[in-house]
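Q: Build the full structure now, drawing on both the sequences and the hints.
Protein chains: 2
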Amino acid sequence: MAQKPSIPKGTRDFNASDVAKRTYIMETIKEQFQIYGFQPIETPSFENSDTLMGKYGDEGDRLIFKILNSGDYLDDFINSINSFNINSSLILQEYCKQNSIFPNKEIVESELEKDFIKASSVAQKYLINLGISKEKFISDLLPLILSFYKVIPIDDLIKFSEKELIECSNYIVGSFFNKLKPEYLTKWLSEKALRYDLTVPFARYVVQHQNDIEFPFKRYQIQPVWRADRPQKGRFREFYQCDADVVGSKSLFQEVEFVQLYDAVFSALKLEGVTIKINNRKILSGIAEVIGAQDKLIDFTVALDKLDKIGEDKVKEEMRGKGISEDGITKLQPLFTLKGEFGEQIESLKSILSASEIGLKGIEELEFINTAISNLELKTAILQLDVTLARGLNYYTGAIFEVSAPHGVKMGSIGGGGRYDDLTGIFGLKDMSGVGISFGLDRIYLVLEELNLFPSTITESTKVLFINFGQDEAMFSLNAVTKLRQAQVKAELFPDAAVSGKQRKKQMNYANRRNIPFVVIMGEEELKSEMYTLKNMVSGEQQTVNFDQLLSLLK
Amino acid sequence: MAQKPSIPKGTRDFNASDVAKRTYIMETIKEQFQIYGFQPIETPSFENSDTLMGKYGDEGDRLIFKILNSGDYLDDFINSINSFNINSSLILQEYCKQNSIFPNKEIVESELEKDFIKASSVAQKYLINLGISKEKFISDLLPLILSFYKVIPIDDLIKFSEKELIECSNYIVGSFFNKLKPEYLTKWLSEKALRYDLTVPFARYVVQHQNDIEFPFKRYQIQPVWRADRPQKGRFREFYQCDADVVGSKSLFQEVEFVQLYDAVFSALKLEGVTIKINNRKILSGIAEVIGAQDKLIDFTVALDKLDKIGEDKVKEEMRGKGISEDGITKLQPLFTLKGEFGEQIESLKSILSASEIGLKGIEELEFINTAISNLELKTAILQLDVTLARGLNYYTGAIFEVSAPHGVKMGSIGGGGRYDDLTGIFGLKDMSGVGISFGLDRIYLVLEELNLFPSTITESTKVLFINFGQDEAMFSLNAVTKLRQAQVKAELFPDAAVSGKQRKKQMNYANRRNIPFVVIMGEEELKSEMYTLKNMVSGEQQTVNFDQLLSLLK
Numbered sequence: 001m002a003q004k005p006s007i008p009k010g011t012r013d014f015n016a017s018d019v020a021k022r023t024y025i026m027e028t029i030k031e032q033f034q035i036y037g038f039q040p041i042e043t044p045s046f047e048n049s050d051t052l053m054g055k056y057g058d059e060g061d062r063l064i065f066k067i068l069n070s071g072d073y074l075d076d077f078i079n080s081i082n083s084f085n086i087n088s089s090l091i092l093q094e095y096c097k098q099n100s101i102f103p104n105k106e107i108v109e110s111e112l113e114k115d116f117i118k119a120s121s122v123a124q125k126y127l128i129n130l131g132i133s134k135e136k137f138i139s140d141l142l143p144l145i146l147s148f149y150k151v152i153p154i155d156d157l158i159k160f161s162e163k164e165l166i167e168c169s170n171y172i173v174g175s176f177f178n179k180l181k182p183e184y185l186t187k188w189l190s191e192k193a194l195r196y197d198l199t200v201p202f203a204r205y206v207v208q209h210q211n212d213i214e215f216p217f218k219r220y221q222i223q224p225v226w227r228a229d230r231p232q233k234g235r236f237r238e239f240y241q242c243d244a245d246v247v248g249s250k251s252l253f254q255e256v257e258f259v260q261l262y263d264a265v266f267s268a269l270k271l272e273g274v275t276i277k278i279n280n281r282k283i284l285s286g287i288a289e290v291i292g293a294q295d296k297l298i299d300f301t302v303a304l305d306k307l308d309k310i311g312e313d314k315v316k317e318e319m320r321g322k323g324i325s326e327d328g329i330t331k332l333q334p335l336f337t338l339k340g341e342f343g344e345q346i347e348s349l350k351s352i353l354s355a356s357e358i359g360l361k362g363i364e365e366l367e368f369i370n371t372a373i374s375n376l377e378l379k380t381a382i383l384q385l386d387v388t389l390a391r392g393l394n395y396y397t398g399a400i401f402e403v404s405a406p407h408g409v410k411m412g413s414i415g416g417g418g419r420y421d422d423l424t425g426i427f428g429l430k431d432m433s434g435v436g437i438s439f440g441l442d443r444i445y446l447v448l449e450e451l452n453l454f455p456s457t458i459t460e461s462t463k464v465l466f467i468n469f470g471q472d473e474a475m476f477s478l479n480a481v482t483k484l485r486q487a488q489v490k491a492e493l494f495p496d497a498a499v500s501g502k503q504r505k506k507q508m509n510y511a512n513r514r515n516i517p518f519v520v521i522m523g524e525e526e527l528k529s530e531m532y533t534l535k536n537m538v539s540g541e542q543q544t545v546n547f548d549q550l551l552s553l554l555k
Numbered sequence: 001m002a003q004k005p006s007i008p009k010g011t012r013d014f015n016a017s018d019v020a021k022r023t024y025i026m027e028t029i030k031e032q033f034q035i036y037g038f039q040p041i042e043t044p045s046f047e048n049s050d051t052l053m054g055k056y057g058d059e060g061d062r063l064i065f066k067i068l069n070s071g072d073y074l075d076d077f078i079n080s081i082n083s084f085n086i087n088s089s090l091i092l093q094e095y096c097k098q099n100s101i102f103p104n105k106e107i108v109e110s111e112l113e114k115d116f117i118k119a120s121s122v123a124q125k126y127l128i129n130l131g132i133s134k135e136k137f138i139s140d141l142l143p144l145i146l147s148f149y150k151v152i153p154i155d156d157l158i159k160f161s162e163k164e165l166i167e168c169s170n171y172i173v174g175s176f177f178n179k180l181k182p183e184y185l186t187k188w189l190s191e192k193a194l195r196y197d198l199t200v201p202f203a204r205y206v207v208q209h210q211n212d213i214e215f216p217f218k219r220y221q222i223q224p225v226w227r228a229d230r231p232q233k234g235r236f237r238e239f240y241q242c243d244a245d246v247v248g249s250k251s252l253f254q255e256v257e258f259v260q261l262y263d264a265v266f267s268a269l270k271l272e273g274v275t276i277k278i279n280n281r282k283i284l285s286g287i288a289e290v291i292g293a294q295d296k297l298i299d300f301t302v303a304l305d306k307l308d309k310i311g312e313d314k315v316k317e318e319m320r321g322k323g324i325s326e327d328g329i330t331k332l333q334p335l336f337t338l339k340g341e342f343g344e345q346i347e348s349l350k351s352i353l354s355a356s357e358i359g360l361k362g363i364e365e366l367e368f369i370n371t372a373i374s375n376l377e378l379k380t381a382i383l384q385l386d387v388t389l390a391r392g393l394n395y396y397t398g399a400i401f402e403v404s405a406p407h408g409v410k411m412g413s414i415g416g417g418g419r420y421d422d423l424t425g426i427f428g429l430k431d432m433s434g435v436g437i438s439f440g441l442d443r444i445y446l447v448l449e450e451l452n453l454f455p456s457t458i459t460e461s462t463k464v465l466f467i468n469f470g471q472d473e474a475m476f477s478l479n480a481v482t483k484l485r486q487a488q489v490k491a492e493l494f495p496d497a498a499v500s501g502k503q504r505k506k507q508m509n510y511a512n513r514r515n516i517p518f519v520v521i522m523g524e525e526e527l528k529s530e531m532y533t534l535k536n537m538v539s540g541e542q543q544t545v546n547f548d549q550l551l552s553l554l555k
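Chains as they are written, first to last, in the numbering used here: chain F, 1 to 555; chain B, 1 to 555.
Since the hints were derived computationally from the structure, they do not count as laboratory data. All the pointers check out, no bait thrown in.
As the list makes no split between identical chains, a pair holds if one copy fits it or if it spans any two.
DSS-like, lysine-lysine: derived pairs with alpha carbons at most 30 Å apart: (1) Lys379 with Lys463; (2) Lys506 with Lys430; (3) Lys309 with Lys331; (4) Lys379 with Lys30; (5) Lys9 with Lys187; (6) Lys21 with Lys233; (7) Lys9 with Lys430; (8) Lys30 with Lys270; (9) Lys528 with Lys250; (10) Lys490 with Lys21.
A: As structure tokens, this is what we get:
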């Protein structure tokens with residue numbers, strides 16, 4: 001029975017034109033990465049689950065694609081359950097005896113659920129004898145016991161013989177399995193997961209290969225990542241990331257270079273007038289310090305970010321609602337009117353943050369970058385200070401970057417990045433400062449498409465098609481095709497012989513539909529004279545030429 | 001707690017040099033693919049499971065990496081089990097009543113396992129009332145019932161009240177779960193799987209997009225595939241495939257072009273003297289026909305393949321052992337001494353296969369290809385007939401290709417392919433003949449490495465490093481670096497200032513270890529005079545130059 005073919009939601013097939021355009025963007029980015037001294041690395045599509053899990057928050061963990069273990073992937077789980085069934089029955093029996101204060105099922109349930117520790121403290125004596133750790137008990141055994149309680153009245157239970165309790169083990173498993181949460185089962189079923197971004201695998205790579213790496217290490221990486229996100233317009237479950245990072249240097253020259261790199265890439269793509277927005281985590285910390293609300297940094301930034309949309313009054317209202325003091329808001333007044341050039345904004349910030357050491361440090365960093373960029377001059381991009389920029393607040397510690405498309409193009413950010421002071425700490429390599437940027441391939445694609453910036457040459461495929469008039473003509477044609485190909489001309493012979501005028505027409509149409517600009521008509525006459533009739537499919541013009549002329553016309 | 005970082009077995013990290021070499025091979029292949037008129041496509045890394053499962057045999061199904069469903073992936077499974085528990089109890093009760101001939105558990109079990117159909121025919125009456133289809137019964141319900149029988153004596157069971165039977169449902173689930181085979185559970189837990197090769201996704205692509213494709217469709221695809229194979233030397237769980245296929249034409253010119261394409265790629269890689277072995281499935285069918293052993297085609301080919309290693313006598317012995325008749329072996333005699341040029345071998349085959357229409361058809365096809373290739377001439381490869389070549393016997397229907405490395409290099413095949421007459425039938429598009437070839441990236445890599453054929457230029461990264469003497473010098477240097485980069489020179493500034501001679505030495509060593517051929521020394525004096533001291537790191541030679549001279553020396 002034939003299947004109706006489809007692909008998973010959130011994934012895409014790319015045809016020749018898509019591939020050519022995507023390749024053009026990636027190759028342009030890659031070329032600039034290399035000119036700037038970044039070296040390529042590639043990491044496996046899947047990592048050990050513990051490399052990825054816990055690095056992106058709970059939401060991230062949920063969105064990571066897990067790979068089912070191969071082979072008899074249930075064995076470990078089932079064996080573990082089985083070995084605990086017997087133990088849990090014994091513990092339960094003892095627990096019930098000691099806690100006759102819980103005569104009925106409902107109370108036992110609620111007490112146990114409320115007080116895992118109490119339950120486990122009683123059970124622990126037995127656990128030691130059984131060789132079970134407290135962690136194992138809490139993670140594996142207690143859920144079983146709780147499930148058990150929910151289906152058998154405790155009064156009946158304590159009358160059970162050991163044999164009967166053991167016989168109940170399958171019953172427990174059934175009950176347990178019914179209540180099993182995926183979070184719990186997943187670790188038994190899966191120990192590998194698809195890459196969620198390129199930063200964590202990069203950190204893992206740096207730590208694993210630290211002895212083979214010269215620091216500062218400038219690497220780039222262009223590979224797909226996968227996220228089990230709800231698919232929507234412009235958001236996919238499989239997409240490429242294009243990242244460049246430096247690890248092992250705190251020098252602000254890196255930040256300067258990344259601004260230049262953004263400029264270089266977008267200029268090379270002829271996407272002129274992008275805005276590179278920059279901020280610094282230290283400035284955000286300084287502001288929070290000044291208004292005495294270190295814990296409200298996110299609320300504050302979220303509110304400030306809406307200034308353009310809802311206006312000063314409503315932003316202040318929201319800040320008050322989030323518990324930011326009137327005094328704090330007064331101190332912030334200059335922020336609401338922060339305007340003008342980078343330098344002017346910096347001066348306003350200096351007065352706001354005069355009392356904050358960390359804030360002033362942030363200003364100093366921004367000033368350094370701005371001065372350097374002013375001296376070096378950007379080709380087509382605009383560098384702009386944006387104190388509301390707070391992306392990745394959780395892990396950035398210094399500069400924060402975000403790039404937006406030229407004015408008039410409605411599109412979210414097409415790039416972003418920043419500095420994180422402890423990139424590799426999670427894998428045991430301390431004090432490695434990292435800074436990096438990323439390019440949003442899919443969005444850049446949409447912007448170039450909208451502005452009609454893809455060079456027309458990139459989707460050009462075959463240059464010439466030889467119409468196939470029959471065996472002898474085809475053999476002669478293939479000889480010419482072979483020589484053209486050796487001279488790097490993209491040439492093809494239609495594989496099947498056209499024995500009628502209608503079929504020849506079909507082959508011409510094939511060339512047309514594939515946008516092949518030339519066809520060679522190589523019929524009986526041409527074969528006799530060893531000449532080639534070359535037809536320009538755009539102008540319709542035809543000329544009959546020898547091979548050398550043909551080559552020079554197609555080269 | 002820091003994790004010790006590692007990657008899953010069978011996967012690899014690639015450093016800059018690895019990436020450069022692999023890119024070189026892939027770009028070389030890609031260039032020839034394009035010159036030959038192939039167009040790129042890309043398909044998603046994961047496909048719907050039913051697109052892949054059942055296409056590669058049982059072993060293949062086992063080796064496909066499955067992706068765990070996201071979210072509450074157990075819900076469907078548990079709901080299905082729960083809804084069937086009650087139904088299965090009722091059916092069981094009735095079944096037991098009607099089949100009192102099975103008084104004890106063991107007999108019931110063995111009968112049920114032997115005779116699923118019989119059991120289900122009794123149960124079907126009830127199924128109709130319950131709204132359960134026969135397929136559902138066999139796939140979902142019967143395994144539950146069987147598990148049930150294995151743990152409760154039937155004599156007890158038929159005494160159960162309906163209420164008691166329902167109470168047993170959790171027990172059944174537990175028992176069922178304990179006996180659950182991964183094959184059964186997997187379809188509930190996973191509906192996506194990682195690409196196992198590029199051929200099935202290509203077939204899916206062609207059918208899905210048939211209305212947008214011009215046939216014959218020549219596509220290439222270079223993407224990773226994943227197999228849960230036992231990792232071993234040279235065999236990985238993630239590896240790239242590089243495939244070119246044509247679909248929609250039966251013309252033998254395609255086969256001719258693929259031989260040329262192999263020759264073109266390996267010649268471009270400077271890997272001269274590879275052997276392109278060719279065979280034809282029709283010849284193998286012809287041989288089987290001649291010896292009256294159509295069903296022993298694989299045994300026969302496996303035995304014949306050992307001719308070089310074990311000699312004629314032992315091959316014949318093995319054939320006899322597999323049941324091939326003495327008469328058949330006598331008829332095959334000329335095969336054992338098949339020697340000489342392609343043309344001579346063809347003549348011998350003609351006499352062997354004179355009575356087989358299909359065999360003669362295969363010979364005709366081989367002759368056509370050989371004649372064409374002789375006329376067109378290969379650049380560096382050798383085309384060789386090999387009647388023992390039988391790779392992919394299950395799906396190839398015409399030509400079979402395999403490429404081996406030049407003599408003296410110990411390596412399995414570095415490429416292979418063939419024609420399959422019904423590529424897309426499984427997805428509902430009939431009569432689409434396909435023919436294609438594949439390049440083995442990892443093996444080609446090893447061969448090029450062994451023969452030292454990688455061009456030294458491909459691993460060249462940064463051309464010049466500016467030593468960082470301090471803020472002012474660095475700022476001046478970055479100006480020069482920026483201008484060099486704009487002229488496409490790969491240039492870097494060491495990000496951190498070297499304030500001591502020791503630190504400057506460290507920066508020089510950094511350049512050395514990274515194989516950066518030039519450094520620029522830009523100290524206080526150079527800053528004053530706006531001159532650059534350029535040091536050649538290989539010769540040690542130094543010269544002081546202005547920017548224009550610097551640029552022309554590095555360009």
